[in-house]
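Student: Chain by chain, the residues run as shown.
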Amino acid sequence: MIRIASLLLILIGLYGIFSTRNIIKILIGINIMELGVNIFIITVGFVKDGLAPILSPDSLSSALNYVDPLAQALVLTSIVIGLGITALGLVFARKIHAKYGTYDLNKAGGGEDA
Amino acid sequence: MLNPVLTIAIPLGLSFLSVILKKKRGWVLLAAACANVVMLFFLEKGEVVIGGFRAPFGINLILDAYALAGMAVAGTLFLAAVLVSRDKAERFSTVLLAALAGINGMLLTGDLFNLFVFMEITAISAYLLSSAGKKPEHSFNYLVLGSVGSVFYLLGLILLYSMTGTLNMAEMSRLAGSMEPAALAVPVFLIFTGIAVEAKLIPAGGWVRGVLGNSDSLTGALFASVYSGAALFVFGRIFADVLLSEGAVQIVLILLGLLTFAFGEAAAFRQTSIRRILLYSSIGQSGLAAMLFATGLIFPAVLVIISNSVSKFVMFTTAGKITEIHGTDDYRELGGLFRGNRLIGTAFTISALSLTGIPLLFGFYAKLNVLAAYFNGRNYFLPAVILILAMVEGAYFIRLLIRLWTPGKEGEEPDAGAATKGTGLFKPVGAAVVFILSMAILAAGLLPDHAGEFISSDGGLPGGDAPSINLSLTKGGQ
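Chains A and B supply the protein sequences, listed in that same order.
According to the numbering used here, the first sequence is numbered sequentially starting from 1.
According to the numbering used here, the second sequence is numbered sequentially starting from 115.
Chain B with its partners taken away, still in its complex shape (with noise of 0.2 Å):
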């Protein structure tokens, strides 16, 4: 069994190596991304204690099934983010590696401030990825923002210290609890500002828009599947661990995350860029999650996440390349362009069609998770929202579907369109890779028991002193 520490070591290192190693680095990216994902399996569960001081004095690293999802959903993504757009992916070896590094670790400390340093190694490598749009000045728009969430997660964090005398989470989380509610406000709502710079949250998500509006399709798999899934797994374990929030500061975190998905869809159904419209629905999406964790509903939380991820990875990698290739990912000027690319396009609907819910897809079995677990809490006015959304979520995809299938108006004879022009919109290993996620998700869709097994897999935990998070307690209706 190997030890988690591992997954955090080895990135970094070979991140400083490919400086030195100019001409082999998109190699040992490419090597680190696999190791990254085999290590997963033989990954030793429980705590780690770095340094020789036991927690709560020193900084420890917890894997349980729930960093274990994430660092999973992380890493295969990062993978095939790397396969897909080798070329691309070669340019910023250095500040990829940093950025797995980052995420893992993410993903796995059990201290705060370690988090504080982890989020802004990741955020950091986002910056400099952010500027291969070309366009500087969303790049330094993101850095603005992403550098006053960091202050205030920082300002958040010290008076948590102040409280409690402890950084580490597990430690937090039992002080937190006997703790008044309203003491924990302040710090609450400095530490969801920080965060959600990265997830993408309604008071900080302002930076989404440029950077990817004008993302490739190296940059937007990043950011839309790695980065704000590994961001979201924070989010949870901050917020339905550590600092679990009642009465009317849970009000206000869920009224948040339920304006960030309302504004995200409603935005996504005005736009025509394909990319605008991914990148608002992934807002929404990450509102949802958001609100999924503020009202302690972690499983479905979880399934939310992992469908968007994949799905927004392959939408967006394909989105990516028609822009290179047509310059313009404009969907009306775009008409019957999958007739040309029938591998890619299947790809792409299923991931549409699973996000909007279809079911024998991945992202049914995660919306009748959501709503089964309020039904189950008695909860009926948050399922009627998430469910009108749902429709407008349906109507735009759908949408688009039809225009990028068909080429010409209803009734007219179809035109060869965008169809004639640019088959082959991937290399073959591109197009394999981004198949095969799509097919994922409809086997994951056929075979929900298995799926949700899966995933929440037994992380049970030696001791009693690591945050609680057991995916399989937790786990909600079915």
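Excised from the complex, chain A in its bound form (with noise of 0.2 Å):
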């Protein structure tokens, strides 16, 4: 169910970034789409009545039922990147916004010739 709706949420951000010439509201759907992945890698890891993988006297087998940690520090990673990236995002917006005075690609000349 999170599984299709992560999926969902990839297909609305795609929609979101090819749909619209505005600079700000790409870069949200650049967001929204990061956000379903990382909710998809999330799922992947996830195991029903998983415990947290960490040795704890609760907790000292290793057999027992634990949630996949990879999937969570692959989440962090790309949650990292996905800020820089929209950091980034905005000094260009900024940027573009500085010389062309507007938001909009079409109009600053994103889309025609050199």
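Since the hints were derived computationally from the structure, they do not count as laboratory data.
On a predicted model such as this, the values are computed, not experimentally measured, just so you know.
Built from N, CA and C at the ideal position, the CB exists for glycine as well.
A few of these clues could be false.
To be verified - Below, in silico cross-link-like pairs of lysine-lysine (DSBU-like), each with a Cα-Cα straight-line distance of 30 Å or less:
#	chain 1	residue 1	chain 2	residue 2
1	A	K95	B	K138
2	B	K202	A	K95
3	B	K136	B	K541
4	A	K99	B	K136
5	A	K99	B	K202
6	B	K248	A	K95
Claimed, not checked - What the simulated footprint calls covered on chain A by chain B, stretch by stretch (three residues with Cβ under 8 Å from a Cβ of chain B suffice, anywhere in the stretch; the number is not a length):
#	region
7	27–34
8	39–53
9	73–80
10	85–97
Combine the two chains into a complex, taking the hints into account.
Tutor: Quick look at the structure:
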């Protein structure tokens, strides 16, 4: 269920990116897409009634039902990268606005010749 | 012998240091680029375990002949780019150092998620570099395509992880080999789209026109040779080593490569701006290399990448400088330009002729290998297409060269044209670097067997749990 929802989020993000020429909305689309992928990754590592993958007095045996920690580690990295990309995208958005006075890529001359 | 991890750690460390050493950052960059090339001679081949967890549980680095060839191409051209445009490179010292670390990491890593991280480091530095073109909308375009590509890559990667339970390349290659090819189709295409952004292949190469069409002597050379060379090496690692495709999936991958090749060459033919000609020709060559990798012809593909990277480096730096000095790169207005710049003109000509596959130059050896490899495999359709497209390529490059060497129309008295103004396109160091690279193309073309041996020098690996690319074994026909 959550997995389908996350795939849906990716598609919504993708639609958002390619259906608008507004820079800020495109960045929001990218973020929705990344969110979808991150949720998808978490669902891959999810185990029903799973324990946190930490050895503690309550769960000493490695044969217990652990949640896959690798997926969570991947998501952490992916969130950080997403943050960096968004920040950089906003910098470019500011630069475009400073140069053309608009957040619309069509008006900023992104479409036509160099 | 040095640990290969140093080629990632040193540039990354210096990248942070260069923020503090604001005044000296140009020297830091130069020192790191030189050290990177020198280190290549002393690296210890084989597998490096990071953090004490052995593969497939931990992340490992693999230095085989393939990775070394990639690092040698990228590292040498990186150093050359820094030498040629030192003033421009100095502004981007921090970014460039991070890029160097990312590129080395991309080529070395033996883990698919680690590859994703290094690709992102490289990509973010590339977005920043592209903003040097003063066209933020193109950088933004590039960023959007890049992040969509990386989301696709991540999705494909995680699908593979959920199917095989590993992210290690060698382990993945072993497990994927025993799976149904149809089950791999979705992740393979997702990963393909992700890498296609950097490798400039057809579904995702839309940023190239804006970014490379406005490149200067530094960014043009970096994007067209260093970045794209490294991205293609990664493409080969994944699609010719880790995820071997067969049947319909392989045919689609080959067709996408072929389509990119044909589109690039056809589009280049119609351009009049030198940089546009070069960028479409680069797209075409990337398509050719991707096609070869998808067919499993690793050695010819590596030759194509090397030949293209070196030639494009010379040509893009020259085109960038021409634009800076003359304010245009429309070759119709630059008739006779090379008469005043004979040295650079010769270098440019050698590079262009090598790309078109004129005998005695390195590009000829690369093309010959490609064709021989296909003929050995009893494949006659693809070589025919390659030869036809090579003729198109020859036509537009020779048209360009004739114009750049001869002012005026045929039969008319030559006016001085562009020859009089702007002699000395480069500073002496830059001219020397460009000329030496073109001489390397010539030398490698005259002694092709030595060049081939040099590239594929033995990369035997200890242990069985490393990816299996070993250039000396997969050498095509010569």
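Student: Does each hint hold? Answer for all of them.
Tutor: A quick look at each hint next to the structure:
| no. | hint | verdict |
| --- | --- | --- |
| 1 | A:K95 to B:K138 | holds, 28 Å |
| 2 | B:K202 to A:K95 | holds, 20 Å |
| 3 | B:K136 to B:K541 | holds, 24 Å |
| 4 | A:K99 to B:K136 | holds, 28 Å |
| 5 | A:K99 to B:K202 | holds, 22 Å |
| 6 | B:K248 to A:K95 | holds, 9 Å |
| 7 | 27–34 | holds (count 3) |
| 8 | 39–53 | holds (count 3) |
| 9 | 73–80 | holds (count 3) |
| 10 | 85–97 | holds (count 7) |
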